[in-house]
Structure formats: structure tokens, C-alpha cells
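> One letter stands for each residue in the lines below.
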Amino acid sequence: MSDTAELSTGAIRRQMLAEFWFYFRQNRGAVAGLFVFVLLVLTAIFAPVLAPHDPTTQYRDAFLLPPVWQEGGRAEFLLGTDAVGRDMLSRLIFGAQYSLFIGIVVVAIALIGGVIIGLIAGFFRGWVDAVIMRVMDVILAFPSLLLALVLVAVLGPGLTNAMIAIAIVYQPHFARLTRAAVMGEMQREYVTAARVAGAGNLRLMFKTILPNCLGPLIVQATLSFSSAVLDSAALGFLGMGAQPPSPEWGTMLAEAREFILRAWWVVTLPGLAILVSVLAINMMGDGLRDALDPKLKRS
Amino acid sequence: MVRFLLSKLLYLIPTFLGITIVAFGFVRILPGDPVLLMAGERGVSPERHAELSAQLGFDKPVVMQYLDFLWRLLQGDLGNSLVTKKPVLAEFLALFPATVELGICAILIATLVGVPVGVLAAIKRGSWFDQVSMTSALVGFSMPIFWWGLLLIIFFSGILDWTPVSGRISLMYYFPQVTGFMLIDSLLSGQEGAFTSAVSHLILPSIVLATIPLAVIARQTRSAMLEVMGEDYVRTARAKGMPRRRVIGVHALRNAMIPVITTIGLQIGVLIAGAILTETIFSWPGIGKWMIDSIARRDYPVVQSGLLLIAGMVMVVNLLVDLTYGLINPRIRAS
Numbered sequence: 166m167s168d169t170a171e172l173s174t175g176a177i178r179r180q181m182l183a184e185f186w187f188y189f190r191q192n193r194g195a196v197a198g199l200f201v202f203v204l205l206v207l208t209a210i211f212a213p214v215l216a217p218h219d220p221t222t223q224y225r226d227a228f229l230l231p232p233v234w235q236e237g238g239r240a241e242f243l244l245g246t247d248a249v250g251r252d253m254l255s256r257l258i259f260g261a262q263y264s265l266f267i268g269i270v271v272v273a274i275a276l277i278g279g280v281i282i283g284l285i286a287g288f289f290r291g292w293v294d295a296v297i298m299r300v301m302d303v304i305l306a307f308p309s310l311l312l313a314l315v316l317v318a319v320l321g322p323g324l325t326n327a328m329i330a331i332a333i334v335y336q337p338h339f340a341r342l343t344r345a346a347v348m349g350e351m352q353r354e355y356v357t358a359a360r361v362a363g364a365g366n367l368r369l370m371f372k373t374i375l376p377n378c379l380g381p382l383i384v385q386a387t388l389s390f391s392s393a394v395l396d397s398a399a400l401g402f403l404g405m406g407a408q409p410p411s412p413e414w415g416t417m418l419a420e421a422r423e424f425i426l427r428a429w430w431v432v433t434l435p436g437l438a439i440l441v442s443v444l445a446i447n448m449m450g451d452g453l454r455d456a457l458d459p460k461l462k463r464s
Numbered sequence: 436m437v438r439f440l441l442s443k444l445l446y447l448i449p450t451f452l453g454i455t456i457v458a459f460g461f462v463r464i465l466p467g468d469p470v471l472l473m474a475g476e477r478g479v480s481p482e483r484h485a486e487l488s489a490q491l492g493f494d495k496p497v498v499m500q501y502l503d504f505l506w507r508l509l510q511g512d513l514g515n516s517l518v519t520k521k522p523v524l525a526e527f528l529a530l531f532p533a534t535v536e537l538g539i540c541a542i543l544i545a546t547l548v549g550v551p552v553g554v555l556a557a558i559k560r561g562s563w564f565d566q567v568s569m570t571s572a573l574v575g576f577s578m579p580i581f582w583w584g585l586l587l588i589i590f591f592s593g594i595l596d597w598t599p600v601s602g603r604i605s606l607m608y609y610f611p612q613v614t615g616f617m618l619i620d621s622l623l624s625g626q627e628g629a630f631t632s633a634v635s636h637l638i639l640p641s642i643v644l645a646t647i648p649l650a651v652i653a654r655q656t657r658s659a660m661l662e663v664m665g666e667d668y669v670r671t672a673r674a675k676g677m678p679r680r681r682v683i684g685v686h687a688l689r690n691a692m693i694p695v696i697t698t699i700g701l702q703i704g705v706l707i708a709g710a711i712l713t714e715t716i717f718s719w720p721g722i723g724k725w726m727i728d729s730i731a732r733r734d735y736p737v738v739q740s741g742l743l744l745i746a747g748m749v750m751v752v753n754l755l756v757d758l759t760y761g762l763i764n765p766r767i768r769a770s
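Those protein sequences? They're chains A and B, same order as listed.
Take the numbering used here: the last position of the first sequence gets the number 464, and nothing is skipped along the way.
Take the numbering used here: the last position of the second sequence gets the number 770, and nothing is skipped along the way.
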């Protein structure tokens, strides 16, 4: 009996996955985005193998060398060097680790926090809901980057604090989304059935209702991932994120600012890396939305 | 409509109180003694410390301190900057027009370009125009604008030498501030070339700040148009022989504009976050740069009150958006 049950759940899951892939594949941009994203992940994982130099080693004989194809470039520094003689390519490769790590941590904190808060608000309603949602409104009243900046000013500049600040700022979006989805699901008969069958509150919240609210949350998570990469780079650029000499792309841009009219590569390349990663994740997000959220489907 | 307005206003009170608690709590949770912080690096004697504490109200319970803070706030007293010693409100009001001028230009660019592009993309769905414009919109939406600004400076100021790199107007011109808006003041001054100088200073920052709202507005307009164009009444209008141009211009566009107006209104938060970065890159003397500089200088009264003023402003604009929405769409009012 249990064997057949497991088999059928497995089969359903496979079918759902096939259906998901079918819709996702329709969006060519999304597939391209996924491809770039996978490349980015591989780059981050194999950074120590891929990078030709250590990202923080300063070569005293090679300050602001242009990329290899320009006059004065050297073959050992394919994309040139920065103002203190560090290899640009290696720094960019190691920068991928920072961006992905920031995205994952921020989304994980914001998602877990937001989902729990939203579940509680949507499940219990009444004054609990009112208090929680007013607090969320307060957080949303501040422009996100400004609030993150002030939080970092309180906590002290640095990567960890920047991630915590960004996660706090993003978390209301997840809370609101979860709450709305939970309130929709609570009306459904399967929830009543589970309650009648004797399921406790925690079981109802996490095992019965939550799995049915995941679609919009996954889409929001992708969007937040790309915003987190962008916002943490902005904080780095303003000197409030990762601190030098970390090869974080935003921080690299901040260090390169004074050379904008002399050495285009130190400014152009880190920004391009940010743009390409954010764009790839957003393209993927569009495809995920098409595949997971029929209500929001792109017409 | 009055009930709708009142319910919206009532709704704002707890949010506003929450904002004041955040702004008040911000200085409280800072590590270190606020009196020592204000005294600066020279420090103070224990007697002077006690005197200052009493003077600033730090010897009272926290709740009383908060109520004091609220009371002063209601009287328009937002404290003084630690660095310039001037009232924070006066500093804010002096810099505010610069940010508003930049913001208005950016939102104008974003709307005047974004809406037609979105409409055209929807009408010519699947065409090369649709694909190119929507891909560009996605790129714009993903753009790190602090980098985009630097690129524009490299190209237009460095290579082409068309536009200045920073500031609001060339140092050659000097005239009294009348409105605080450089475009208007430069015209009023009657000095030859002043207006052109103001425009050339404004153009790059406006483009940079407009980038993300433009992308959002174009995408939103396109999807709203597509949705409306699939509605029955549009098909009916077409079926009874109404010219396509009229159907799109009168029937579809009007209804599609409702969500687009909301989107435009909601860009205010994006604009302020963008202003922080844009003003930093272009040394634009506005609210964004003021906040960044104050954070860097640890000028906490400025950060505290600046946060409060900005959040209050966002709240008021969101209320106005809600009200406009209610005016355009009676269904919202009823619910």
C-alpha cells in the first residue's frame, strides 16, 4: 500500500518537473540566463583553479597594465591590472564567489524570516496579524538602500553586516507574499479537512499550507537574489559593504573611481560582471515566473 | 470619497509612529554613549557630562525621551547637525530642491520614453521593436546605476567632452537662489549661458536616475496594454468597425494607464535610493549625498531626521498615489 503511494508521489513529482521544464524552456531568454548563471556558479566554485593569480597579490612591476590586446598589455595579465598591480581577471573570478554568497545568504535569511512571519500573520490573523503587518509597513516605508545604509552605519561597515541589513530590508516582501498566499489557501477545503483530521497548528502551517504557497515565493526569491547582488555592490561602492582588499565587484568599482579617465578596464570590467550576473538572474526569474505562476504569466 | 480619504489617513498614523520609533531607536542602539559621541574626540569632564546628559534629556527614562522627541518633532524641531551646528530642517530644505529637480527630470524622461515604448511594443508584439525594447528594458532594470553613471562620464565627459563631470552649474555663474531649482533660477538671473550650463549639468544625472524607472515603466505599460487589448470591450469596439488607432488610443490606453500611474508613483522609493548613488557619482548637492556624507561623518542627528523626513515623504507620496488610484478607479474606493 505504502509502496504504491510513494511511487505515485514520485511519478507526480516527475511529471510536475517535466511540466515546469516545458514552460521554462519556452522562454529562450530564461534558458540563456540559466546557462550564464550555471557558468557563474562553476566559476565561483572553481575560482582557485581558474584564477591565474592570487586576487590580493600586488605585482610591483605592473601597475594599471591594460588588457593583453592593448598596447602595453602583458600576456600574464589577460584583463590587465589595477592601481596596485593586482590581476583584474583573478579578482573578477573571485568576485563571483562574493556575489553568489551574498545572494544566497541574503535570500535565505529574508526568505526564512519572511515566511515564518507571514505564516504566523496569515494563519492567526487578528491582532497578531495587525501588529506584524504594521511593522512590515514601517520597514517598507524606507527606501531599501537608505535603510540598509543606516543599518550598516549602526552595525558597522563590512560584508556580514551589509548582508544582514539587506536581508532585513527584503524580508517584508516575503512576509506579505506568504501572508496573502496563506490567507488564500486557508479557505480551501483541504486545509479544513486536515484540521478536522486532527492536524496541529504547526503541521497545518508548515506541512499542509506552506508547500502550496511556494510558487510566488520562488519567483520573489529569484528577484531578491538579483537585487541583493545589486544592492550589496552599491553598498560596497559607497564604502559600506565588503572592505578592501576583498575582490567584491562593488568595492573594486569604488577603488577604481579615481582612474575612470585613465584606465577604462578597472572601471568597466567589474561593472560589466555585476550587470551580466544580475541580468542572467533576472532573465531566469522571468522564465520561472512563466513556469510557476500562471497568474503572473507574461502575456 | 471622504470616507476613503479618512480611512487612508487613519491607516497612516501607526505607520508614521513606527517610523518615528525606528528613527528614535536608531540613535539609541548605536554603540557608545551619545553624549561622548556628540562631544567628539576631545571628550568631556564628568561634571560637564552629567550637565549635558540632563540638558539633552538622557537622564530620563527612555519612554519619556521618546515622548520628548515626538513633542519636539510636532513643533518642527528636528535637532541640529553636529558638524555644521545648523538646524537639520533648514539644511534639508536648502538641499531638497536639488533632489526634487533631479527626480522630476528623471521621472519625466522615464515616463515620456517608457510609456510610448511600452505601448508600441504591445501593439507590435513579437516584432523586432518589441524584442529589442524589452531586452533593453531588462538590461536597464538590471543595471548597476553607479557603474552606468561612471560609463556615461567616461564617454560624454571624458571622450566627447560634451558634458561637465559634477555639480549643478558652472562656477562662472553666480546668482541668488530664488526657487532653489537651478533651471528656473538660471533663467530668472538673465545671465547668458547660465541656463545652458544648468541643463548640461543636469542631463547625465537625470538619465542615470531615469534608467531603472524607465525600464520598469516600459515593461509595465507593455503588459498592461496587452492585458487590456485582450478584453471583450476592446474586441467589441474593433468589431463594430472603430478604427484601430482610436481603439488603442481611447479605449485600451486609458484603462491600461491605471496600473501604469501606480507604477510611476511607486518609483519614488526607487528614485531616492537611486538619488543616493547618482548624487554621489555626480557630486550633486542634494538629499542623497547629504545623507551619505552625514553617515560617513557620523552626524547622527542629521541621519536620524533625514531618515524621518525621507520616510515621511515616501509615505505621503504613496498616499497620493493611492488617492489618485481611487479617483481613477471607483471600484477601489468601494472596497
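Simulated from the structure, these hints should not be mistaken for lab results.
Cβ coordinates follow ideal geometry from the N, Cα and C atoms, glycine included.
Just so you know, not all the hints are guaranteed correct.
Pairwise CB distance ranges, derived in the manner of DEER restraints [stated by the list, open to error]: (1) B:Ser601 to A:Tyr224: 28 to 38 Å; (2) B:Asp494 to A:Ile277: 34 to 44 Å; (3) B:Pro449 to A:Tyr224: 57 to 67 Å; (4) B:Ile763 to A:Asp219: 52 to 62 Å; (5) B:Arg463 to A:Glu241: 23 to 33 Å; (6) A:Thr174 to B:Val437: 52 to 62 Å; (7) B:Val462 to A:Pro217: 47 to 57 Å.
> Each hint needs a verdict: does it hold in this structure or not?
Results of checking the hints against the structure:
1. Between Ser601 of chain B and Tyr224 of chain A the CB atoms are about 33 Å apart, so this pair conforms to the stated range of 28 to 38 Å.
2. The given range of 34 to 44 Å is respected by Asp494 of chain B and Ile277 of chain A, whose C-beta atoms sit roughly 41 Å from each other.
3. For the pair Pro449 of chain B and Tyr224 of chain A, the supplied restraint of 57 to 67 Å holds, since their beta-carbon distance comes to about 58 Å.
4. With their beta carbons about 60 Å apart, Ile763 of chain B and Asp219 of chain A fall inside the hinted range of 52 to 62 Å.
5. Taken as a hint, the range 23 to 33 Å is violated for the pair Arg463 of chain B and Glu241 of chain A, whose Cβ atoms sit roughly 54 Å apart.
6. The hinted range of 52 to 62 Å is satisfied by Thr174 of chain A and Val437 of chain B, whose Cβ atoms lie roughly 56 Å apart.
7. As the Cβ distance of Val462 of chain B to Pro217 of chain A is approximately 48 Å, the hint placing it in 47 to 57 Å holds.
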